[in-house]
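Please assemble the complex out of the two chains, which come individually in their own frames, going by the hints.
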Amino acid sequence: MAKILVIDDDPDFVLAVRMALEAHGFEVEEAATAEEGIEKVLSVQPDLVILDVMMPTGYEGFEAARAIREEHGLKDLPLVILTSLHGKRQVPYRFAPDETYLPVDVFLDKPIEPGALVDTINELLGERREEPKYPL
Amino acid sequence: MKQGDIVVIGGSAAGLTAAITARRHYPDRKVLVVRKEEQVPIPCGIPYIFGTVGSPQKNLIGDAVLEKNGIELLLAEATDIDREQKVVYTTDGEVGYERLVLATGSRPVMLPIPGCDLEGVYSIVKDVEYLSELQQQVEAAKNVVVIGGGFIGVEFADEINKIGGKQVTIVEIAPHCLSLAYDEEFCAEMEKVVASRGIHIRTSARVERIAGDGKVERVVLSDGTEVEADVVILGVGVAANVDLAKKAGLRIGLTGSIAVDRTMQTSDEAIFACGDCAEKISFFGGQPSSLKLASIATFEARIAGANLFGIRRENVGTVGVWSTSVGEVALATAGLTEAMARERGYDVVATTIQGPNRHPGAMPGATNTRAKLVFERHSGVILGGQVMGDATAGEIINAISACVQNRMTAEDIATFQVGTHPALTASPIAYHMVNAAEMAIQQMHEQGA
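Protein chains in written order, with my numbering: chain Y, 1 to 136; chain D, 1 to 449.
If you're looking for bench data, these hints aren't it; they were derived computationally from the structure.
There's no promise every hint is true.
[Unchecked claim] Away from chain Y, derived, C-beta distances all over 12 Å, residues of chain D:
{"id": "1", "residue": "K86"}
{"id": "2", "residue": "P108"}
{"id": "3", "residue": "G224"}
{"id": "4", "residue": "G237"}
{"id": "5", "residue": "L293"}
{"id": "6", "residue": "V348"}
[Stated by the list, open to error] Distance ranges between label pairs, derived from CB positions:
{"id": "7", "chain 1": "D", "residue 1": "P114", "chain 2": "Y", "residue 2": "M19", "range": "34 to 40 Å"}
{"id": "8", "chain 1": "D", "residue 1": "S55", "chain 2": "Y", "residue 2": "E22", "range": "52 to 58 Å"}
{"id": "9", "chain 1": "Y", "residue 1": "L42", "chain 2": "D", "residue 2": "A339", "range": "51 to 57 Å"}
{"id": "10", "chain 1": "D", "residue 1": "K192", "chain 2": "Y", "residue 2": "E36", "range": "29 to 35 Å"}
{"id": "11", "chain 1": "Y", "residue 1": "M1", "chain 2": "D", "residue 2": "R312", "range": "29 to 35 Å"}
Glycine included, every Cβ here is placed at the ideal spot set by N, Cα and C.
The shape of chain D in the complex, shown without the other chains (with noise of 0.2 Å):
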């Protein structure tokens, strides 16, 4: 029997970084991790291999980094966990462990429409073979129809548009894509971006059915009119792989992923969880939160992998930070929307800047770029912000998101020190994120907070 002091089954981004995270603060401790699948896709990546990247191949994550920090790889499927005698059984024999992390990701949702068992309806599954086949058959098609208008069925419906000679049609159930991420005027200006490149975009639509003769033809909304399809894509969200914890009886929790604690520890103290398979809390409230992203399962994996001999990490919950890019517009959020915020119930002021990333605006690269803040009104603590502009977007939103982690108010932002340079950021007198703060601490004073 093969023993490892650690164990961890999984070896996407959370099995991956849990492992790493392990070896670095457990040095003495033998890290091996059990993976399934021969190649391991990277999950953001995915889309990209129908345009830019051109290939599943070039979108794997590699094992040098396994052999690098000294974690020994199980090419095997677990199939069960004796939790008394703390063994893994695999289909190549089994593992002892002192601690095992539990990383079985998700599987991609299927929505129960009549025909979503028809030939030629995808959803995406993080499986090579799978997406070599979706690829060819995306190249193959004249009509494609992308169901589900978030980040994914955007990012996917405009690299499928890139290799060209197709109608590729997005379906959104809400009035807007991006709906559940980035408030409405954000929403419909990306809107107008995805369509200048040539792809329809249905809102407000719902499928009724998928329909054809074995092979999927077209797509029926509810108001009546049809789609023509020769592939449908489904990216309408993921399930967590929950059979392995499940048979070992570990406890799930309503949103049918892996429970948790902060430490992300299991209902068994030897066992921990995290990314898509463990459940998230909110970082607003406390509530459970859907999010699932890459990004979260690393930060999760991190405290996992901390904790696995003592605890030394908590997760105050999920934030939810992410971007887009549709060409050369890039979109990216941290934290609730204003009308997130407002739904839940929080008194909000909500600011938006707009102006050149770099100056003067007449520097080379210079991108007109926006960016909305939302604080909460009598605290003046930052709960969320938006900004939309070229490449750079990515890293300023990471900068608000460390003001939202850290409960961050108005007054702390406006007086944040940022570095400025001309060719590199916005102006010090004009700076995006210190001027938003500004206008909402003004509008509090206003309004008497």
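Here chain Y stands alone, though its shape is the one from the complex (with noise of 0.2 Å):
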């Protein structure tokens, strides 16, 4: 069974992902900050760490992506952003992962349907299962 871990400050939200996540046979760990977060990818080793951007510091999310990559050299952790900051900031603009800057394989914007979410989750573990829409 894969572990996801769930780095965000928002207590609802966050049981949210947990229903939607268990409900698909994943086992969800939680963490409120960043800080807490870095702490549970070192000692809960998740298969897949989701992100918030917005938690108490601004770009609290950001900062614990590049973390993860440069300081515990989890170059193959597979990180997913998943926020509402192009939501409620409305700039013409995008963040979208990044080799240097924003270490992540995919950046998702919230609100997100469960099953999306759990899409993503299952091609990044690479255990996506798709009947052909024509038989060959």
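Here you go:
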């Protein structure tokens, strides 16, 4: 059973994600701050991490992602940013994965359909199974 | 409720081309474009608003082509799609469709660097009002820093430099500018051309933060050095606009773009997607590709537009063909560079030919032109090419792209029948592509392939 760590300071959102992921057979761990999250990355050793950005210190999630990759050397741990940053700030640009500045695998915006989140996780964990559209 | 047999959302390069293609392939169908922008900038022309063209108003895609092709235009923003009822909700009412094309484009990427939200920090937004403001700020600035030394960054820097009286600096994290598209020897030469025009280049430079008191004052690099800046422009790429597709429940790929198959069909059979919003795969190996160019958008649009009521075309994957120019020097690329090919595991033979692009070399307009071709050693199939010279490089590379897309071998290219003329081309004896292929064949034989 894959273990997913959700780092987000919004308990309601974490609960919703927990319910959605547990319904699909994932084990869910939680952290409410980036600091706690990084500790759990090391102690719990999740298979994938979901990170919010707008935690108390602003761009905390971005910094946490860089710390996980650079300071702790976890280059292959799948990281997903899931944030309402774009919706709240109404800026004409987007943040997106970048090898140096934002070393995450996927950048997702809240709100997200539970099914789409599960699809992303499955794809990143290499467990996606799809029926062929047409028999060959 | 309005009704279009074919409804296209988006009116830039992809949307417009998809609509025109649909009109050509399905002349009896009603085609309607839903576009939120009153004026649409020509994407590749944006750098030129600062110097050569002079204004965002002189860099617009006109609407006459819609009228000429009998395509209806609805100026409104699409806010939702009811896939069951086949209705698009817009800020100006509902629009029914039989087939829908999403060409919702992309937005620029902003790097999460501290200070990226300071006044004076801009990304390259395809919006006339935003670009007009940027132009005003740039004209008033003394120091402009462009973060990102890709072709957009280099073109922005050169065009801003043309205004005069400014210190323009390019900050690039890789060891060379343009290194995602060209081999090192071409990048180094182009950097010399850029520097000779008075532009400062800082390569292998990571931006630590953008600093200032409310407004940008300087860019701080990771080696501790600082570059003064009144305006900072980020030219570091774009991300797909998928909000509408996501809301409609269409499948989104891992690259964050709308998932499509080779026919450009999305996870809904009645909906197609093309351009910057659609997921791409590389022509080489089929892995997801992050390349987003107007020329790719239009080729995908010609596939999507043709396939709406029956599959007629398929996408072979993104070859990656583009050019840039600084002053009189042009640099063009198609397919894989030598470095990229080696990195992907190909056994490579690469050859370079240099010589004038007229014959004899004393002909007016003759320019020294360098062409490099990259082949897979065992099959002899061409993987890519690069050309540096004058403006003719832009079309020479298109001929090379045709060779790549058709998986031609060095033997095919060595016996390629070229038309030549003293005032127009290189000599038939020393034609760059043909001779580079001959040299490659020799190397393949020498090394016992």
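Hints versus structure:
The non-interface label for K86 (chain D) is consistent with chain Y: the shortest C-beta to C-beta separation is roughly 20 Å, beyond 12 Å. Its beta-carbon lying about 5 Å from the closest one in chain Y, P108 (chain D) breaks the requirement of being farther than 12 Å from that chain. Even its closest Cβ contact with chain Y, about 17 Å, leaves G224 (chain D) beyond 12 Å, as expected for a residue assigned away from the interface. Listed as outside the interface, G237 (chain D) is inconsistent with that label: its C-beta sits roughly 7 Å from the nearest C-beta of chain Y, within the 12 Å cut-off.
The claim that L293 (chain D) lies off the interface holds: its Cβ sits roughly 17 Å from the closest Cβ of chain Y, which is beyond the 12 Å cut-off. In this structure V348 (chain D) is separated from chain Y by more than 12 Å, as the shortest Cβ-Cβ distance comes to about 24 Å. At about 35 Å, the beta-carbon gap between P114 (chain D) and M19 (chain Y) stays in the expected band of 34 to 40 Å. Checked against the hint of 52 to 58 Å, the C-beta distance between S55 (chain D) and E22 (chain Y) comes to roughly 57 Å, which is consistent with it.
Roughly 36 Å separates the CB atoms of L42 (chain Y) and A339 (chain D), a value that falls outside the hinted 51 to 57 Å. Between K192 (chain D) and E36 (chain Y) the C-beta distance comes to about 51 Å, which lies outside the given range of 29 to 35 Å. Checked against the hint of 29 to 35 Å, the pair M1 (chain Y) and R312 (chain D) fails, with Cβ atoms roughly 46 Å apart.
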